[in-house]
Every structure is written in C-alpha cells, then in structure tokens.
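Peer 1: Chain V: place on chain C using the hints.
Chains as they are written, first to last, in my numbering: chain C, 1 to 884; chain V, 1001 to 1111.
A portion of the hints provided could be inaccurate.
Here are the simulated SDA-like cross-link-like pairs (lysine to any residue), alpha carbons at most 20 angstroms apart as the crow flies [unchecked claim]: (1) V:Lys1078 / C:Arg76; (2) C:Lys60 / V:Asn1047; (3) V:Lys1020 / V:Glu1038; (4) V:Lys1078 / C:Arg37; (5) C:Lys259 / C:Ser191; (6) V:Lys1091 / V:Arg1035.
What the hints contain is simulated information worked out from the structure, not anything from laboratory work.
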Amino acid sequence: VTVPTRGIVARLSGVAARVRGVVFRRAADREMDEEIRFHIEMETEKNMRAGMPGHEAHRKALATFGGVERHRETLREARRVPLLEPFWLDVRFGARFLVRDPALALVAALTIALGVGATTTVFSALNTVLIRPLPLLDSNRLVSIQESRSGAVSTGLEGMLIAYGRVQQYRAATASVFESLSAHRLEASFSLRLADATVAVSGALTAGNYFRTLGVQPALGRSYSADDAAEIVISHELWSTHFARDPGVLGQAVGLDGKTVTVVGVAPAGFVGATFVTNHVWVPVGVRSVSLESWDIRMVPVGSLREGVGRAQAAAAVDAAARSIPAEPNTTVRAARVDALSTVAVVGRAEVTGFFALLLGMALLVLLIAAANIAGVMLSRGFARRREMAVRLAIGAGRSRVVRHLLAESLLIFALAGLLGVGLAYLGTAWLAGIPLPPQLPPVLLDLEPDLRVLAFAAVVTGTTGVVFGLVPALKASRPDLVPALKSATAASTAGEGRTRNFFVGAQVSLAVTLLLTGTLFARSLQQGLRADLGFDADGVVAATIDLGAPLDYERERAREFYRALIERVSALPGVQSAALSQYILLSGSRSGGGASRPDAPETGTTNVSVSSVTPRYFETMGIELVAGRGFTDADADGAVPVVVINQTLADRLWPGESPIGRLVQQPWTSQPAEVIGVASEGRYTFVTEEPTPFVFLSYLQVSRPEMAIHVRAPGAEAATLEAVADAVRQLDPNLAIRTPVWIADLVGTGLFPHRFGAQMVGAFGIVGVILAAIGIYGVLSYHVTRRTRELGVRRALGATGARVVRDVTGRGGFIAAVGCLIGMLAGGVLAHVARGFLFGIRPLDPLTFTAVPILLFVISVFASWVPARRASAVAPSEALRMD
Amino acid sequence: VTEPQNSDVVRGTLDLLILKTLSMNPNHGWGICQRIQELSSGILDVNHGSLYPALQRLEHRGWITSWWGTTENNRRAKYYRLTSEGLSGFKREAASWRRYSGMVDRILEAT
Chain C
1 VTVPTRGIVA RLSGVAARVR GVVFRRAADR EMDEEIRFHI EMETEKNMRA
51 GMPGHEAHRK ALATFGGVER HRETLREARR VPLLEPFWLD VRFGARFLVR
101 DPALALVAAL TIALGVGATT TVFSALNTVL IRPLPLLDSN RLVSIQESRS
151 GAVSTGLEGM LIAYGRVQQY RAATASVFES LSAHRLEASF SLRLADATVA
201 VSGALTAGNY FRTLGVQPAL GRSYSADDAA EIVISHELWS THFARDPGVL
251 GQAVGLDGKT VTVVGVAPAG FVGATFVTNH VWVPVGVRSV SLESWDIRMV
301 PVGSLREGVG RAQAAAAVDA AARSIPAEPN TTVRAARVDA LSTVAVVGRA
351 EVTGFFALLL GMALLVLLIA AANIAGVMLS RGFARRREMA VRLAIGAGRS
401 RVVRHLLAES LLIFALAGLL GVGLAYLGTA WLAGIPLPPQ LPPVLLDLEP
451 DLRVLAFAAV VTGTTGVVFG LVPALKASRP DLVPALKSAT AASTAGEGRT
501 RNFFVGAQVS LAVTLLLTGT LFARSLQQGL RADLGFDADG VVAATIDLGA
551 PLDYERERAR EFYRALIERV SALPGVQSAA LSQYILLSGS RSGGGASRPD
601 APETGTTNVS VSSVTPRYFE TMGIELVAGR GFTDADADGA VPVVVINQTL
651 ADRLWPGESP IGRLVQQPWT SQPAEVIGVA SEGRYTFVTE EPTPFVFLSY
701 LQVSRPEMAI HVRAPGAEAA TLEAVADAVR QLDPNLAIRT PVWIADLVGT
751 GLFPHRFGAQ MVGAFGIVGV ILAAIGIYGV LSYHVTRRTR ELGVRRALGA
801 TGARVVRDVT GRGGFIAAVG CLIGMLAGGV LAHVARGFLF GIRPLDPLTF
851 TAVPILLFVI SVFASWVPAR RASAVAPSEA LRMD
Chain V
1001 VTEPQNSDVV RGTLDLLILK TLSMNPNHGW GICQRIQELS SGILDVNHGS
1051 LYPALQRLEH RGWITSWWGT TENNRRAKYY RLTSEGLSGF KREAASWRRY
1101 SGMVDRILEA T
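For reference, chain C alone in the conformation it holds in the complex:
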C-alpha cells in the first residue's frame, strides 16, 4: 500500500523541482553557477594540495570538468519543460502589465470575486445538503427505500415513512439484494432521566440491526441487537457532556420516556446515523412499539447492499417486493424505489434540488455580470493599447502570442478573484450557517464549510469564466487596423470595437434585469404569503401534540376520558378563551388524505381530500368561519349518524352551485357515508403556499385517534398556557409529556422559510448585479466620452448645444439599456416559468414585477450614462480641440 503513495510523493517532488526550475529560472541559473563554481574551487584546492601551482591547478580543474559552458547549456536545456515555459513567460508578461495598474487589477478581481463568492457559497450549501456523503458511512453500499402510495395515506414527513411491520416483510422478500435491511425513525425529543437530571434529547428509534447494517462499531461497548432490547446507544457528545467520558457508563440504567433501559454503547464521535440530524440516543424500536408487526410505527428503511449488487438491481427487487407483500389497510403501493443516502434522503429531495439549482443559477448570473463587466473593461484597455499591440504585431510578434499575453492578464485577474471569492465564500457560508432554521425542525447538523469538492468547483467555474471572458477582449485587441492604429494612439473609435463593448454592457443589463426580476418575484411571494388569507386566525393560538398510542396504549374510552379531562382543565386556565383537539396542527406540514365522492352521483368522480379529526369548539378555537350549517357537538358521537364538516373548496367541487348541507359524502374514514353538517370557509391546511385544497373535518367522537394535538386560544398568555398544558398533561398521567409545542403564528413563518431564504439570497444577488451593471454602463460610456472628447468639441464648435451632446450620449446608453431590459425580461420570463413551483400568490409573469424592475434598471442605466454625458458637455470646445 505504501509503495504507490511513495511513487506519487516522489513524482510530486520531481514535478516541484521542474516547476521551480521554470518559474524561478534566474534563481535556478544562479544556483547552477554557484554549484559549478564550488566544484571548480574544491577541485582547484585539491590540485593545489597535490602540489600544483595555483594557476595550473585552476586550469586542470576546468579541464577535468570538461567545458563549463557546454555543461551549463546542457543543464539549462534539460530544465526546460515543453508547455510550462512559454505559459510561464506569458504569465510573467501579464503580471507586469497588471502591476503597472494595480488599482484596476484589484477592482476587477474584487468584482469577479463577488460572483465567485456567491456561486461558491451556494454550491457549498448544495454540496452539504445534496452531495456530500454522510459522516462515517459507506454511501456506495447504503440505500433507503421509498414508496409511492395511493389511498388513505399521509403526506408530509409521516407519509414518506413505511410501517415497521411492512419493513420486516421487505426484509424477508429482498434478502437476495440486501445483506441487511434496517430502519430508523427520528424522534425530536426523548425524555432521558439520568442520575442527576432529566434532559430532552433528540434521537432515533431503530431496528435492532441498525448499527450492523450501517457498518458502524460503537466507540465503546457494543450495539443492541434485538428490536425489543431494553438497551440504548448514546452519542459521543452526550457521553462527554453528561457522563464526563466515564467508561463506567456502560451498564448504567437510565430512564427513557418512563421506561428503564441500559446504556450498552457509545457511538463514535461525529456519528449521526443515516441522517443529517444531531442524534444523541439510538433506541431499539421495541421501546416505543409493543406490537412490531403492526402498522403503528413508521420508519425509513435503510439497507446495505450485498457485495456485487448494484443500485438498479436492488431497485428492481424492492419494487417487485413492494407489490408482493401485504399493503397497509386502505392503501395501494404504486411503486417503490431505492435512493442514495444523503443529507436530504427522505423528504423533498426533488424540491430541495430544484431550489438549490435555482439559487446556483442566480449566483452564476452574478458571476456572469461581473465577468462581462471586467471583459468590457479589458476590452477598453485593449483598445487603449491598440498602438502597443500594433507595434508588437508590426515588429513580427505572432498574433497568437499577443492573444496569449492578453489572456494571461485576464486569467491572472481571475485567479486572484478566485482566491478572494473563496474567501468570500467562507464568510458567506458562515452567514448561511447563522440563519436560524424553523424551530419545528429537529436540530440539523449542517457543516457548510467548503471542502475540497467546493474548492475544485470554484476553480473550475473561475477558470472557465476567465478563459471565455478573457479570450473575447484578447482576440479583439489583437486585431487592430495596423495603419491607423500606428498613426495615432487615440484614433477615432471604429464601429467594430463599439459593438463588442455595447454587447457586454447590454449583456450586463439583461442579466441584472433577469436577476432582479427573480429576486422580486421571490420577495413578492413572501409578501403574498405573509398577507395570505389563511382561513383561520393564527394569532394567540398555541398547540402541542399528545400521543396516547404506543407505548402507553390507552384504550379508546380511556383516551377519550383523558382528552375530555384535559380540555376541561385547560379551558379553566386564566386567559384561555377556548380549547379543542385536532388530529393535525394546521400548517405543520403533516396531513393525511384520501378520496371523497358523492354516493348519489358517482359520475362526479373522486376528489382527493385532506382530513383531520377534531372536537367541538375546534372551529371557534382556530377562528375558522363556518359559512353554512353548524360545527360539531358532543352529540356527534359513536352511534349517531356519521357527520363531517367540509370546506368551501370541496363543496364547490362536489356540489357546484348547490348547498351541500344534509348531503352525503363517501370517504374512507367512516364506515358509511357521512352527512355534511357544515361548510368551513376556504383556508390553508398543510402548507402556507398550497393551492386551494378540499378538506374534510371529522368528529373526534366518531373517528378517534390516539395522537391528537391540543389547540388553545389564549391571546397574550401563550407561553404560560403552553407550560400549564404541559403541567396538566403530566398531572393526568406522569408518564406523558407533550411534544412539539408551537405557536401557530410561528408556523406561518416556518412555512415561508424557503421564500424568505430565497428572497434574501436572490435579492442580495440582484442588488449586487444591478450595482455591477450600473458601474459597467458608467465605465464604458465614460471611456466612450473621453475617447470622443475631441469629436464632441468639434460638434460644439460647429454649433451643437451642450444639451444636444448630453442627449446624444445618454441616448446611446439608453438604447443599449432598453435592448438589455427587453432581453432580460424574456430571460426572466423563462426563468420565472421554470421556478413557478417556488412562487406563491402571484403569477410567474407578475405584471407589477415585470413593469417595475425593467423600468428601474432602465432609469439607473440612463442615469449612469447621463453622468459622463454631462462631463463631456462641460468641456469647453477650445479645450477639446486642443487635445491630442
């Protein structure tokens, strides 16, 4: 194993020696001379010691050496590296020019660095979330299984999971492709009772074979191996913070959600399992679920592939198995697939990928604007140096040589920009890491720091941009019209050079328009989202989830009694206006759904609806308006006619133009069709940004669920109420704790997190883009005006007014800006169409945005050209004529 490494090290040291010889050519020559001199001196001294006179000794030494000059030449010749040397000469040449104008070089590098920094920051986040393998795992071998289902299924997080009973069926049916199939489920909070304290820690419920499947050995002790072992593995961090790294932790009994379990292992430092969440305990699934064959515990299956089994083969086996093993009640599995494990392995990979692709595209636009800006500057410089170029060409320098020098200049600027940009990316990722994530998410472990892949990306992007944008001005500048260029350094501008520069300015304006359009659309989405009519009144409502299912397994009647008592206690709290239960917390991202239809008119078809089971007073607590009929009462219980409240959207779908009150609706949750007793106004249910969704409310007393969320309206007393609710729950059952307490109003903000994030990022990019574009226009027109000072002076002398001159110059800028704006609008329209999934409440071609942004950019552009125009008109004709 060591030999090839040594080979590489040796080769590298050899390469380093060669590069040194080329890059520090003079130093190498000096060293060579010194070495030879030393040799001759030593030899001379030796000869003198042998008795030769000084002069003779020296002559003899030279003769033994055998022609100093000849050997020097051989050595120099051998030091040459075929491609490196001319390249290095170009670089040195370019550097000499840049050093002559360091301010320009620095400003240019900083400008491009903005683009590189933006791009690299976004790629760094994308890398962390989508590409980088999870720590300590062999990502080639590990996959997760996902199903797509129809029927009475939950969507959101819960819907992505697969019942553990079914995972076990998979295990048996896919043994040919998986060496081991395990499963895990993240739990935001376990209550861990230690000797001195009780702490809430995040962790994962896992199948017994979890660590074996992942191929990870605990750093200390062992892993549990049975699904129902009363044992846990703790994280290295928890071991450090709460057990002072005492090896005696092994075998200690701790309390976990009211049960006693034994710590049998400490995970390696940095291990988070097959997720991106900071976990502190790994717990066998049996601790939570009593019946492991049942459907009540849902998990993410994670399997390790057998040696030689590819992902495609595993996918085929999993898909076949999915159809042959029993499905959950009321669901059909349409397909199953395997996915690589990455940070976003379970939920919304497609959305996250799209979101980051969009951000990356925006960042690349910033880079393009910056590069076009600098290309314009280099172009102007190129024309200013026409005479120099012409001289060099005239005395016989090959055009390719001249192009190479100019390109080397650009590449040096880009190389400097790359370094600065990576520095900016470090700042950018630090800023990103500081953005608070929505509180509902489990503690997310995101190490955003750029790694080697990110640095390679930055190098490739910067290099490519540098070559493309350096080549154009270099090619242009290396082809001057020799005769006029030699005659005068400031010959009147030709049409050709103007076109290229106008192109770069127009490109910047259009890219800036595209960027700002997208940024504004995001901002408008956010604004719409914040203003959206939620269909309920979120202010002053808090909620918390209580699970009476496994492991406590309340009987149905006992659960109802518990909840009745809880509502009674909570309603009596000071400041509480009303309290009720609901199966789901609105806007929390969780939902279950199924098909609803009219038994009396099957031809109207089945509508997919979302559903939640609620208690009386829920509508009052949430401030949901009933536009027809009534809400639930205590009488809507078992034995009575099944009833539902539907929302306006469903009413319009199933009974367009009619009153649905008293009509029957067929759905999977009650055994017989239920009577519609009320219609709730339209609202948002799962996400702030969803389309109008048909919704069915069921009566809790008819369709009970063990896990319910208590909702309390207590304006002004939210925090105290949540604490009081937690106390009340503990008093009713000491083994119970509330989960995920939330202020409903916060969920609105959480739901808009991607929009806020997108608006901030793209908005920042847009502003940078606009500033760069304005500088670009200003720069190019200033240069243009300076070049034309004499011509303008002539025109003034011939009677053109100052205003006329201003109008001409500004008009030129305005024309370029107008064309740029139009192209930018086209590009922006295409982009908005692509990104429409991330927009909300506005049309992709939002008229306000598509009017305001181009006008703004146009005005800025005209202003940027008006400033130099003013300057030009202020020059006295006599002065202008005297120039040159």
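Peer 2: Here is chain V on its own, set in the frame of chain C:
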C-alpha cells in the same frame, strides 16, 4: 571533444554510481565525484561536468532531493540525498545490473 574510453562512463551506469554514493551518505556534487573515484580506486575517471545533468535528471525523477548546506570548511554547497523512492529504485537497478554483469561475466569466461 573525445574523451578516453576508460573514463567514459555510460549514462545509466553514472546514475547507478551516484545513487550508490548517495545511499551511503548525502553529499554535494564534488564530493560525489571524489567518492566515485575513491571507490573505483581512480580507475573510473568520471568527466566531472557530466555529473550535474545526471543529478538534475534524478532530481526531476524524484529519486533525489537537494538543499543548500554548509561543508565542514563552512562553505555553501548544494547537497543531495536519496528519497525513499530513490532508494528502492537504486535497489532495483543495482539488482538488474548485477544480473546483467553476471551474465556478461559468464559469457566472457565460457571456454
């Protein structure tokens, strides 16, 4: 320029001799020359100048590295030493040289 046949050490052999010398001690160019002459009891008279291209070649191959040091007489000199890659390369080449020269010996001594 013609040189005496007996002192014209062929290029590959010169490399081998340099490696052998350096495998015993790091040394500077002149020192290497002296060692080679000493070890060959003055029979092999290396053309001193041709040593340096050989050293540069070996350095570019990564078999030896160089640094500036001071001699016992406090003179600045460029020193060379073997890299680990150079050491194993030397062993390989030495072995193949022995096989080759052994074979030539056997042929020359055949009766």
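Peer 1: Now tell me, hint by hint, if it's right for this structure.
Peer 2: Each hint, compared with the structure:
Among the hinted pairs, Lys1078 of chain V with Arg76 of chain C is consistent with the structure: their alpha-carbon atoms are about 17 angstroms apart, no more than 20 angstroms. Under the criterion of a C-alpha separation no larger than 20 angstroms, the hint pairing Lys60 of chain C with Asn1047 of chain V is consistent with the structure, at around 12 angstroms. Distance hint between Lys1020 of chain V and Glu1038 of chain V is fulfilled; the C-alpha atoms sit about 13 angstroms from each other, no more than 20 angstroms. Our distance criterion of 20 angstroms between C-alpha atoms is met by Lys1078 of chain V and Arg37 of chain C, whose separation comes to about 11 angstroms.
Simply put, Lys259 of chain C and Ser191 of chain C have alpha-carbon atoms about 10 angstroms apart, close enough for the 20 angstroms limit, and the pair holds. Our distance criterion of 20 angstroms between C-alpha atoms is met by Lys1091 of chain V and Arg1035 of chain V, whose separation comes to about 19 angstroms.
Hint check: no violations occur; every hint is consistent with the structure.
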